[in-house]
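Below, each chain spelled out in residue letters.
Number of protein chains: 2
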Amino acid sequence: MSNSAIQRIEEAYQAQLQRTFYAAWPENPKAYAEDANAKGLEAFQRSLANNFSGLDSSGSIGWIGEEVSPFLQQGLGIQYPSFSVDALISKAESAQKLWQKTSVETRASLLVACLDKVAERFFEIAYATMHTTGQSFIMSFQASGPHANDRAMESISMGYKELTRFPETVNWVKNMGKFDLTLHKNYKSVAKGISLVIGCSTFPTWNTVPGLFASLITGNVSIVKPHPKSILPIAIVVAEMQRVFAEAGLPAGVVQLAVDTVAKPITKELAEHKSVKLIDYTGGSAFGDYLETLSNKTVFTEKAGVNSVILDSVQDPAAVFGNLAFAASLYSGQMCTAPQNVFVPAAGIKTAEGSLSYDEVVAGIAAAVTGLAQNPKMGAGTLGAIQNEITANRVKETGSKSNGVAAASISVENAEFPDARTASPVVIAVDAADIEAWKHECFGPIVFVVKTTDSAHSLSLAAACAAELGAITCQCYSTDETFMTDVEDAMNASFTPVSFNFTGAAFVNQHAAYSDFHVSGGNPSGNATFTDALYINRRFVWVGNRRMG
Amino acid sequence: MSNSAIQRIEEAYQAQLQRTFYAAWPENPKAYAEDANAKGLEAFQRSLANNFSGLDSSGSIGWIGEEVSPFLQQGLGIQYPSFSVDALISKAESAQKLWQKTSVETRASLLVACLDKVAERFFEIAYATMHTTGQSFIMSFQASGPHANDRAMESISMGYKELTRFPETVNWVKNMGKFDLTLHKNYKSVAKGISLVIGCSTFPTWNTVPGLFASLITGNVSIVKPHPKSILPIAIVVAEMQRVFAEAGLPAGVVQLAVDTVAKPITKELAEHKSVKLIDYTGGSAFGDYLETLSNKTVFTEKAGVNSVILDSVQDPAAVFGNLAFAASLYSGQMCTAPQNVFVPAAGIKTAEGSLSYDEVVAGIAAAVTGLAQNPKMGAGTLGAIQNEITANRVKETGSKSNGVAAASISVENAEFPDARTASPVVIAVDAADIEAWKHECFGPIVFVVKTTDSAHSLSLAAACAAELGAITCQCYSTDETFMTDVEDAMNASFTPVSFNFTGAAFVNQHAAYSDFHVSGGNPSGNATFTDALYINRRFVWVGNRRMG
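Taken in sequence, the protein lines are chains A and B.
Quick note: the first sequence uses my numbering, first residue 4, plus one each step.
Quick note: the second sequence uses my numbering, first residue 4, plus one each step.
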């Protein structure tokens with residue numbers, strides 16, 4: 004078991020090093036057993052209106068849970084064991100020494116075993132994700148299942164490589180002229196301590212497991228604090244991990260689930276606890292900024308950003324508008340990678356078949372967005388549902404206070420879930436000067452088509468936006484090589500990656516494990532990256548000892 | 004030239020990876036030309052009472068300098084060009100784009116060329132170091148010459164490896180069932196911006212060049228802000244670097260020297276400037292703590308610590324006392340690695356020839372310290388001179404207010420420099436309970452022999468001290484394997500390395516390039532390490548771009 008896990012880790016690391024396509028866990032639901040889907044659905048349904056089983060509950064002080072399905076607009080009724088902060092910390096502290104002393108090889112093998120166990124529950128996790136986040140089934144399956152496992156594997160493999168970078172022991176020999184001075188040295192990776200991983204409501208496993216597995220591979224025990232409205236997917240993951248650790252004779256304190264409620268949050272108390280040394284966070288900027296200021300903590304954040312599209316010149320406008328509409332509609336614009344502001348010159352754009360005016364571009368995007376939402380084969384599956392009421396209200400309000408609405412947000416018919424909370428993107432034409440309208444994050448299905456002086460102006464606005472407000476993606480459509488170079492230089496200088504001329508099956512939203520760094524860490528959208536060496540090395544400290552004779 | 008530099012970098016990286024002994028630049032003065040020493044001395048003497056030549060002075064607003072030789076207790080009279088902060092930043096900003104666009108290979112080759120040029124001035128740098136820091140000639144030569152160059156090379160080689168870790172471009176191909184989706188991707192290491200490197204008075208090059216070369220290899224232009232009393236050694240280094248860059252057609256803004264005075268410091272203004280993104284600092288904890296709190300900066304610190312010796316049981320007490328006396332006396336205890344507190348059980352220690360009482364241990368250490376200071380062949384060369392008056396006064400005051408002085412600090416005769424400011428270590432016996440006496444940093448030649456309940460008590464005090472106040476080294480003398488394991492575990496848990504049973508030519512003070520990590524970065528003595536991958540990777544950001552078709 005151990006050897007094969009290490010081989011798989013090596014393979015994953017080579018893929019990561021080469022930035023090539025690689026899927027450690029198949030992402031196609033058809034690759035699984037024929038009855039896997041039905042069994043997953045059954046398991047999900049059994050968990051409804053019930054106490055969640057499989058998690059360590061010793062020392063719990065009650066059972067809590069308040070998740071609501073965005074597709075059903077009904078509570079799930081699932082209850083999870085809740086713990087005092089002191090109980091969580093105390094269990095973590097007593098597990099820390101054992102976990103630190105567990106060899107890197109064993110840690111790595113156990114963590115791969117955890118992912119294998121998680122993979123057996125991908126369908127159940129998919130339904131759990133659907134009914135907490137509002138993602139469509141297929142996105143729920145991919146994002147919370149194989150893609151999340153691959154991102155976790157990335158942490159394990161980068162972690163394993165960094166931890167084994169230097170020899171454990173050496174004899175250091177220095178010639179001193181008449182004799183050799185020999186020192187026996189060892190080098191230890193010392194874990195920083197307890198790791199707190201704070202999840203978000205929209206991607207409860209994909210955004211949680213990279214930090215969780217990075218902390219664990221580097222010897223830090225972890226407390227996972229999910230969003231109170233998106234617990235079930237990660238609860239299944241943690242339960243499987245606790246089972247694997249228990250079978251290996253390790254205490255449940257190696258990884259714990261810390262559930263709370265919106266009314267009684269425990270995140271600050273956990274984050275500020277002196278024994279918590281590492282914090283991983285995905286969520287809004289205000290809380291992320293607060294976490295980053297805590298002293299004596301190593302903090303990894305993915306916060307909000309404002310993603311831009313620079314529309315300069317295109318070959319085939321229909322293909323471009325279709326791609327943009329999909330990118331903006333996928334999971335109703337609730338992806339951190341979704342575009343928000345589309346910058347278009349006042350004079351319009353060149354295409355292979357002549358120019359399109361600004362108004363024609365606006366109309367083209369609006370038509371593509373509405374067409375997708377109304378397409379009975381595409382709409383519901385692409386848009387999914389709106390995770391929470393606040394987002395739904397933001398869409399309504401943004402539309403109602405704008406003069407330039409080119410496509411109104413509409414409800415999307417969902418035959419399977421007639422009560423689903425849905426909203427297609429509102430598309431709003433706005434002048435660049437009206438920065439109060441577009442120059443801030445509008446989370447959800449909201450697209451501004453911003454009229455600029457020219458493409459250079461578009462670029463300067465996009466770059467400034469990324470530098471000031473953060474950006475996780477930028478998309479550029481251009482047939483002009485010089486301009487494309489300018490865009491790459493300027494956006495990269497704001498630590499923002501650029502995707503050029505995506506059409507067809509390539510979407511700006513998708514960041515592939517082993518190949519695309521997710522969040523650069525260099526602008527206000529976050530201070531860390533899935534997954535570079537930094538993401539690993541900030542979690543432990545090298546200490547070398549020397550011995551004479 | 005370029006190929007050979009890259010080969011040398013590879014060789015240095017392999018040494019670093021294997022943690023083996025390696026000297027890229029010979030550390031033995033005899034390895035240099037016969038007249039090198041005389042020429043170096045001449046060059047140093049020519050610089051006295053003169054404007055320093057070789058540094059870019061365009062746009063300077065005057066000439067300043069106030070260095071004083073601790074050996075002569077006379078001003079050196081060397082003046083350096085001074086600049087406004089705006090001028091420094093503006094030159095740096097205009098150089099940044101060029102330097103970022105310079106390929107990693109070219110940057111690496113140029114930086115190695117800089118070190119080769121610096122090596123030609125090792126003897127001059129040695130005299131410059133002597134007469135600013137008070138180090139003996141031999142330490143000045145080693146620390147500011149070959150050892151500093153090796154530490155710089157470590158940054159170059161680790162930097163080169165990290166920057167070339169991933170391919171620059173790949174074709175990413177994902178099978179989508181009926182077709183392949185292909186994206187052309189590139190990956191860029193984007194420099195964070197302007198780097199400020201703040202030097203200290205005692206090791207003006209050794210502590211400056213690791214951060215300087217790490218920032219430069221990763222594409223960040225740098226401003227070096229030396230301590231106003233220790234400018235000359237690093238001025239020579241920066242002058243050689245500016246010459247190499249100028250010959251390559253690069254502007255002086257790639258590396259600048261920002262000289263100030265004690266009365267009119269410019270460090271805060273530089274550090275707080277919005278364009279300064281990276282700060283490297285060596286010095287006192289208060290200023291280091293302030294730098295660490297600055298927002299939107301990446302800060303690397305080496306601050307103060309309190310280093311412990313745990314004396315449990317020994318084979319040969321004379322060898323141990325001799326080694327301790329040397330470690331405490333080397334450069335008059337002004338090394339960040341020097342021991343301060345020697346913990347000894349009240350019942351004394353076991354030796355191969357019976358027990359020694361606590362009082363006998365105190366007397367043994369005191370005798371060894373005084374014997375070394377009074378040894379005409381060893382004293383002056385080991386102790387050097389006291390860099391500044393404050394340290395000299397601290398030694399006097401600490402002695403005068405203590406009841407337990409076992410060895411008084413004495414002046415050390417220096418035949419070559421009769422006016423040298425010297426002080427041998429004061430050795431003070433103190434009870435563990437008297438924490439006001441020993442539990443804080445006493446920079447300089449001050450040693451406390453702290454009486455503890457037993458060795459377990461010694462360890463708990465040393466570990467707590469490291470965790471609370473920081474520690475860069477810890478020394479343990481023990482013949483008990485179980486106890487040694489406890490010491491390693493407990494001190495490592497406070498992120499402090501341990502050196503066991505050093506006698507003879509092995510001294511706790513010495514941290515060898517390519518093998519010993521210097522400062523762990525995990526306790527209050529600093530937040531960074533010479534040189535792990537983190538030391539490099541925090542200085543730049545990976546950004547990946549994708550292109551269709």
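Heads up, a few of these hints could be off.
As the list claims (entries may be wrong) - Simulated coverage check for chain B against chain A, where a stretch passes if three residues somewhere in it have a Cβ under 8 Å from a Cβ of chain A: (1) 14-25; (2) 158-169; (3) 182-189; (4) 370-376; (5) 504-511.
These are calculated hints, taken from the structure and not from any lab test.
These numbers come from a predicted model, not from an experiment.
Here a beta-carbon is modelled for each residue, glycine too, at the ideal position from N, C-alpha and C.
Looking back at the numbered hints, which does the structure fail to meet, lowest number first? 4
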